[in-house]
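My request is simple: use the sequences and hints to build the entire structure.
Chains as they are written, first to last, in my numbering: chain A, 1 to 446; chain B, 447 to 892; chain C, 893 to 1338.
No lab work stands behind these hints, which were simulated from the structure alone. Since we're looking at a predicted model, the values are computed, not measured. Here a beta-carbon is modelled for each residue, glycine too, at the ideal position from N, C-alpha and C. Mixed in with the good hints there might be a few duds.
As the list claims (entries may be wrong) - When the alpha-carbon atoms are kept at most 30 Å apart in a straight line, the in silico BS3-like pairs for lysine-lysine are as follows: (1) B:Lys520 to C:Lys990; (2) B:Lys812 to A:Lys94; (3) A:Lys98 to C:Lys1258; (4) C:Lys981 to B:Lys544; (5) C:Lys1046 to A:Lys154; (6) B:Lys540 to A:Lys89; (7) C:Lys944 to A:Lys94; (8) A:Lys89 to C:Lys990; (9) B:Lys544 to C:Lys1258; (10) B:Lys520 to A:Lys89; (11) C:Lys1046 to B:Lys498; (12) A:Lys98 to C:Lys966; (13) C:Lys1258 to A:Lys74.
To be verified - Taking beta-carbon pairs under 8 Å as the criterion, some of the chain A residues facing chain C (in silico): (14) Ser28; (15) Leu33; (16) Leu99; (17) His284; (18) Gly287; (19) Gly370; (20) Glu371; (21) Ile374; (22) Val401; (23) Thr410.
As the list claims (entries may be wrong) - For each label pair, taking beta carbons as the anchor points, the in silico distance ranges come out as: (24) B:Ser720 to A:Gln165: 35 to 41 Å; (25) C:Ser1124 to A:Ser232: 53 to 59 Å; (26) A:Arg151 to B:Leu825: 35 to 41 Å; (27) C:Leu1273 to A:Glu371: 32 to 38 Å; (28) B:Ser630 to A:Arg151: 23 to 29 Å; (29) C:Val1295 to A:Lys74: 57 to 63 Å; (30) A:Lys52 to B:Thr486: 28 to 34 Å; (31) B:Ala788 to A:Ser232: 46 to 52 Å; (32) A:Tyr419 to C:Ala1101: 22 to 28 Å; (33) B:Gln700 to C:Gly1094: 54 to 60 Å; (34) A:Leu379 to B:Gly648: 55 to 61 Å; (35) C:Leu1330 to A:Gly373: 24 to 30 Å; (36) B:Ala777 to A:Ala242: 43 to 49 Å; (37) B:Ser630 to C:Leu1330: 34 to 40 Å.
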Amino acid sequence: MKLKTTMLLAGLGFATAMPSYAGSEIESLINMLHENGTVTDDQYQRLMAELKQNQTQAAEDKAEVEDKLAEATKPSDVEVTTNGGLKVKSRDGKFETKLGGRLQLDASTYGGEPDMGDGTDIRRARLNLQGKLYHDWGFRLQYDFVDEGSRGIKDAYLSYNGFEQMALKVGHFRDPFSLQTQTSTNDIMFMERALPAAFDAGRHIGMMASTNHKHWTLAAGLFGDTVGSGDSTGTEDEGWGASSRVTWTPVNKQSQILHLGLGLNYRETGGSNSARFRQQPETHIAGVNIVDTGTIAAVNDFLKVGAEIATVQGPFSAQAEYITTSVQRDADRDLDFDGWYAQASYFLTGESRQYKDGKFARVTPKSIVGEGGIGAWELALRFSTLDLSDADIDGGEADSVTVGMNWYPTPTLRFTANYVDVLDVDGGANDGDEPSVLQLRSQWAF
Amino acid sequence: MKLKTTMLLAGLGFATAMPSYAGSEIESLINMLHENGTVTDDQYQRLMAELKQNQTQAAEDKAEVEDKLAEATKPSDVEVTTNGGLKVKSRDGKFETKLGGRLQLDASTYGGEPDMGDGTDIRRARLNLQGKLYHDWGFRLQYDFVDEGSRGIKDAYLSYNGFEQMALKVGHFRDPFSLQTQTSTNDIMFMERALPAAFDAGRHIGMMASTNHKHWTLAAGLFGDTVGSGDSTGTEDEGWGASSRVTWTPVNKQSQILHLGLGLNYRETGGSNSARFRQQPETHIAGVNIVDTGTIAAVNDFLKVGAEIATVQGPFSAQAEYITTSVQRDADRDLDFDGWYAQASYFLTGESRQYKDGKFARVTPKSIVGEGGIGAWELALRFSTLDLSDADIDGGEADSVTVGMNWYPTPTLRFTANYVDVLDVDGGANDGDEPSVLQLRSQWAF
Amino acid sequence: MKLKTTMLLAGLGFATAMPSYAGSEIESLINMLHENGTVTDDQYQRLMAELKQNQTQAAEDKAEVEDKLAEATKPSDVEVTTNGGLKVKSRDGKFETKLGGRLQLDASTYGGEPDMGDGTDIRRARLNLQGKLYHDWGFRLQYDFVDEGSRGIKDAYLSYNGFEQMALKVGHFRDPFSLQTQTSTNDIMFMERALPAAFDAGRHIGMMASTNHKHWTLAAGLFGDTVGSGDSTGTEDEGWGASSRVTWTPVNKQSQILHLGLGLNYRETGGSNSARFRQQPETHIAGVNIVDTGTIAAVNDFLKVGAEIATVQGPFSAQAEYITTSVQRDADRDLDFDGWYAQASYFLTGESRQYKDGKFARVTPKSIVGEGGIGAWELALRFSTLDLSDADIDGGEADSVTVGMNWYPTPTLRFTANYVDVLDVDGGANDGDEPSVLQLRSQWAF
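What follows is the structure, encoded as structure tokens:
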């Protein structure tokens, strides 16, 4: 595009600077022959008239060709690309529209207690439409067909990016909190997020200001309740929340990252006046929770605090998070739940986990299956733990270890195998259970 | 496009009309020198042979360039544009496909009685695919993700536009009735339609003939029941209806409109044999009805009659509607409910409300935020009233006043603030209540 | 595209081969005049210098034009087409994305017993996104908005086509079984499949290998359970199945087909341990089953076997299938249900039913409505029978005859009228009933 414009401008310059008729030596020759007397005055007049006419005609022809070349080399108004999804950009950079999708197909088999049913499932099946309007505005609508009605609406917002240092967002999107939930499920290291995702801050309708820099990011927002929440009579106020996350990346080079992060997430429970935390053993098909506080009544609000650390060193990457949640009850004493995980992966094929704006992003394999390559191969290991027991609430505590392998045959496909071994459930309804899971995922996402 | 074709044709003409070799003065010079005896016969032969060869070569070169220019300036088969959504048109005008969407994000806070819960909501989140097939056929599929299953299907039809004076439509679309319901929710003056929208004729599966002229429109159709209706046993017939609307626009100029309209909407209740009319206080989040007839049993059919008037005078516009509904009961006496509203708005920034084919359309701001402008700013005021009490049915009567402000930073974005003050609810379950609502909406639509 | 490249290469060749300055006769003339002594040595030097400069300038100009022509005639990276939906292909053949949809709108009226409610319905309203990634990979996501949540997900898979003789598919798609269920509902002969569709093998999450040849196809796969199945506690294993279909097409010419097919479909019932078969009278709106086994308890597994035959002879086509299902019960004796149908159609307008890869495909009318044509007109007749009674299970047996007419005004539109006459229901809850159906469909699909 740059090149094209340069050529075009050069061309226009050349068109005007160009001599009106290249054959000036003929004029010189005729003049000489006239001066020499070889050509008579009468002949000279006729020759010069003919020459002028030809010069004019040649100049006109040239201009016409130049005009048509300018028209022909003008870049089209829009640029269309496809990598699975569709992307259309206007050449002036003012508009952009992207249609994309995501499909995650799972199969699981379970061992140990509690009983969990083997099976298959479509984990996510999404379409999304996003883009840019008049440079400064952005929009996104993303829907997950595995959910029903408005519960399937994921990102649905508009944004303003016209300020130099800050972006504004209004709509439905994730509260800024926790590295593993900020990272897309397309790009997380395992099939499911680690146990402390029980403290996932979720998506709500709200507004957020954020700023992204090479070495730090900051985001803070105010949020209403989950879409479709509100009691059936419509008389109770919905809950609301506030959330903020700051990240510091003292080392941010290609293939070398050191990331530190801190998040705060506050939520008032509104008319429901209750809270519940629970978690499955890092699997989804059976849908069985191994730890579960049940509905905790008379809860006014709760506050989550999370600390993050992550690093990338060439093909090796590691990340860990600790999250603690304090639940404020109207009468009884406050409750404290917490959990943490640490995970690491290594690319056998030499790729590096990608990082951008305070979270992990898509890996691009060095060689592609379909172009003679073998894709990217990644081995991964995780330990995670979650404690949902405090005071009179016996939700249970669970520890688990996961080994995983990811194969990325192309930048938009991923196949994953995970083996999750729950080391122990301590307390709660599943006290003493030690289930294990072998699960597979096939994914396309663009 | 027009321009391009003209240039192309001009170019082809120029290619054939053009002299085969501009330098004819050389030929003249050589001839003169030969006549003068300066150039010998032998030299003359050689020069003329060389000249002919060069002329032939030049003509060939020129033709080759012309061919390539013609190829290069040929317009592409399709034209792709984006303004948020995508639009692809075939150059021959036979096919067109448009992918668009709509997002409306709301927040509301309530005062007074009855109790209504403050909160946030995604009001509409739609995708739509529409277009043209072989000139004469049209199609449209629009889905709203905030609803579940087939209830989320909005416009879903095919149309035939091959007749000169009439368009035919078959599928799922709005019955032709009432100015405020014919106007898209993207383009109505306030966040919610006025109270008489309780008599909204809705969308049904049916077929319709319509004709649109500068000074009048007429539409009439036959319709089945709401999608997904029909009793669970499948043994009862669904309801059906007929609807017609005629509009007269004696004044239809840019920024100066006078519109009059009349609508009739008849509905047979089918197996359900009942009817219900109800309305919220021009808000949606809490979902509380302030007037409500409840289910009226033993209803065979009902007929709605509506009268419309609207005007645009530069930045000022106003519209009013009156709708009355007569409910025919099997045994008891007939019931009559009615309502009306009047609303006006003024664009501080000088734009005019747009009007096309008997309804209001999208406002385009004179200046755009993101291009140094401030967008369009509109102030609006509305009074509306609805009476759902008659004979033994005490649904209640409500009057309300709304003040609103719309900001259109770009042609596809709108931010709205509305304050609704219900002056009085008279009768029904909420007799004497006077709730008020402050609500905000963020919208993108294309 | 081919043409363009050839022209481009020719052009580049021509640019380098071309003489640097066409007017070589001037040089000859000057030389002659110099030799003749008409031009002095001094004049000769000046003329030759001027000539060289002009030659250089002309060569530069020419090269610049050539460069710009090469740029202007370079084909774009992607090819965009629309026929209702959108298709974008990268020129290198590596990527392809298609956005399409389908809308089927029905109206039905019923006669005879059992009571069935007249009405209208949206039968299918689908969007689908599909394409190709890096040559060898494929993907597809198709959603039907008339269903709720994950039940609306139809085809949702990824595929690998990099082997020469075999394609692999993983995801959610139809088990390979039965000609009439393999053929898209866009392209079947009547509005609904024949009665033996009660033995429809359905879509499941699984993996399949298949190979398609001109004279035969083979597909075999392993499948999990229906999406969203699994008991509410999550403790029971889901069911699973295996399916295979082989087809032989000894005659496979344009407008002349002879097809034979055989299918096997096995299903283990999993935790539900039950089975149910039922069928409506080849209609959908009322949703009343005329034969129904009810839930058969204590079923371990069942096996379906199907035989297919079909032929196309110019505008005439016919197809027939027989399917038998053996239900294995834990304690009671096995059950055998079966059914068959035979159907034929004739295109009054001379088109032929299309066939590809072992199933029927889209008909393209010879003339198009909107381009002066009348579209394609097809008359069709069908007999079908289904027996769901065996041993202690009295589901009933039904026979029906259908006459149909299809009008295809364009390749993407179809209007259908069907009259179904159920000759007799023998046994079951509707013993002795003889309902009839008149139903209409409007369809667009691309």
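Results for each hint:
With a C-alpha separation of about 26 Å, the suggested pairing of B:Lys520 with C:Lys990 holds against the 30 Å cut-off. This hinted pair checks out: B:Lys812 and A:Lys94 have alpha carbons roughly 17 Å apart, not beyond 30 Å. The suggested pairing of A:Lys98 with C:Lys1258 is violated, with an alpha-carbon distance near 37 Å, which exceeds 30 Å. Simply put, C:Lys981 and B:Lys544 have alpha-carbon atoms about 18 Å apart, close enough for the 30 Å limit, and the pair holds.
A C-alpha spacing of about 21 Å is found between C:Lys1046 and A:Lys154, which places the hinted pair at or below 30 Å, so the restraint holds. For the hint pairing B:Lys540 with A:Lys89, the CA-to-CA distance comes to about 24 Å; that is within 30 Å, so the pair holds. Restraint check: the Cα-Cα separation between C:Lys944 and A:Lys94 comes to about 49 Å, which exceeds 30 Å; the hinted pair is violated. Among the hinted pairs, A:Lys89 with C:Lys990 is consistent with the structure: their alpha-carbon atoms are about 18 Å apart, no more than 30 Å.
Restraint check for B:Lys544 and C:Lys1258: the C-alpha separation of about 27 Å stays at or below 30 Å, so the hint holds. As the CA atoms of B:Lys520 and A:Lys89 are separated by approximately 22 Å, the hinted pair is consistent with the 30 Å bound. Between C:Lys1046 and B:Lys498 the alpha-carbon distance is near 72 Å, which puts this suggested pair outside the 30 Å criterion. As the CA atoms of A:Lys98 and C:Lys966 are separated by approximately 25 Å, the hinted pair is consistent with the 30 Å bound.
For the proposed pair C:Lys1258 and A:Lys74, the alpha carbon gap of about 40 Å is over 30 Å, so the pair is violated. Hint status for A:Ser28: holds, given a least beta-carbon distance of 6 Å to chain C, under 8 Å. Given hint, A:Leu33 at the interface with chain C, holds; its Cβ is 7 Å from that chain's nearest Cβ, closer than 8 Å. Taking 8 Å as the C-beta cut-off, the interface hint given for A:Leu99 holds, the closest approach to chain C being about 7 Å.
Because the smallest distance between the Cβ of A:His284 and any Cβ of chain C comes to about 10 Å, over 8 Å, the interface hint for this residue is violated. Below 8 Å, beta-carbon pairs count as interface contacts, and A:Gly287 has one with chain C at about 4 Å; its hint therefore holds. With a cut of 8 Å, the hint placing A:Gly370 at the interface with chain C holds, because the nearest CB-to-CB distance is about 4 Å. This hint holds: A:Glu371 has a C-beta 6 Å from the nearest C-beta of chain C, less than the 8 Å allowed.
For A:Ile374, the interface hint is violated, since its Cβ never comes within 8 Å of a Cβ in chain C; the closest pair sits about 12 Å apart. Below 8 Å, beta-carbon pairs count as interface contacts, and A:Val401 has none with chain C, the closest being about 22 Å; its hint is therefore violated. Of the supplied interface hints, the one on A:Thr410 holds, with its beta-carbon coming within about 5 Å of a beta-carbon of chain C, less than 8 Å. Separated by about 60 Å at the C-beta atoms, B:Ser720 and A:Gln165 break the suggested range of 35 to 41 Å.
Evaluation of the 53 to 59 Å hint for C:Ser1124 and A:Ser232 yields a failure: the beta carbon distance comes to about 22 Å. Hint check: A:Arg151 to B:Leu825, Cβ distance near 37 Å, so the stated range 35 to 41 Å holds. Between C:Leu1273 and A:Glu371 the CB atoms are about 52 Å apart, so this pair departs from the stated range of 32 to 38 Å. For the hinted restraint 23 to 29 Å between B:Ser630 and A:Arg151, the CB-CB distance of approximately 26 Å keeps it satisfied.
As the Cβ distance of C:Val1295 to A:Lys74 is approximately 59 Å, the hint placing it in 57 to 63 Å holds. Judged by the Cβ atoms, the range 28 to 34 Å given for A:Lys52 and B:Thr486 holds: they are separated by roughly 29 Å. Between B:Ala788 and A:Ser232 the beta carbon distance is about 35 Å. The supplied range of 46 to 52 Å is therefore violated. In this structure the hint that A:Tyr419 and C:Ala1101 lie 22 to 28 Å apart at CB holds, the actual value being about 26 Å.
At about 58 Å, the CB distance of B:Gln700 to C:Gly1094 agrees with the hint of 54 to 60 Å. Under the hint 55 to 61 Å, the C-beta atoms of A:Leu379 and B:Gly648, about 58 Å apart, fit the expected range. Evaluation of the 24 to 30 Å hint for C:Leu1330 and A:Gly373 yields a failure: the beta carbon distance comes to about 59 Å. Evaluation of the 43 to 49 Å hint for B:Ala777 and A:Ala242 yields a failure: the beta carbon distance comes to about 59 Å.
Distance hint check for B:Ser630 and C:Leu1330: the Cβ-Cβ separation is about 36 Å, which falls inside the suggested range of 34 to 40 Å.
Checked against the numbered hints above, the structure violates hints 3, 7, 11, 13, 17, 21, 22, 24, 25, 27, 31, 35 and 36; every other hint is satisfied.
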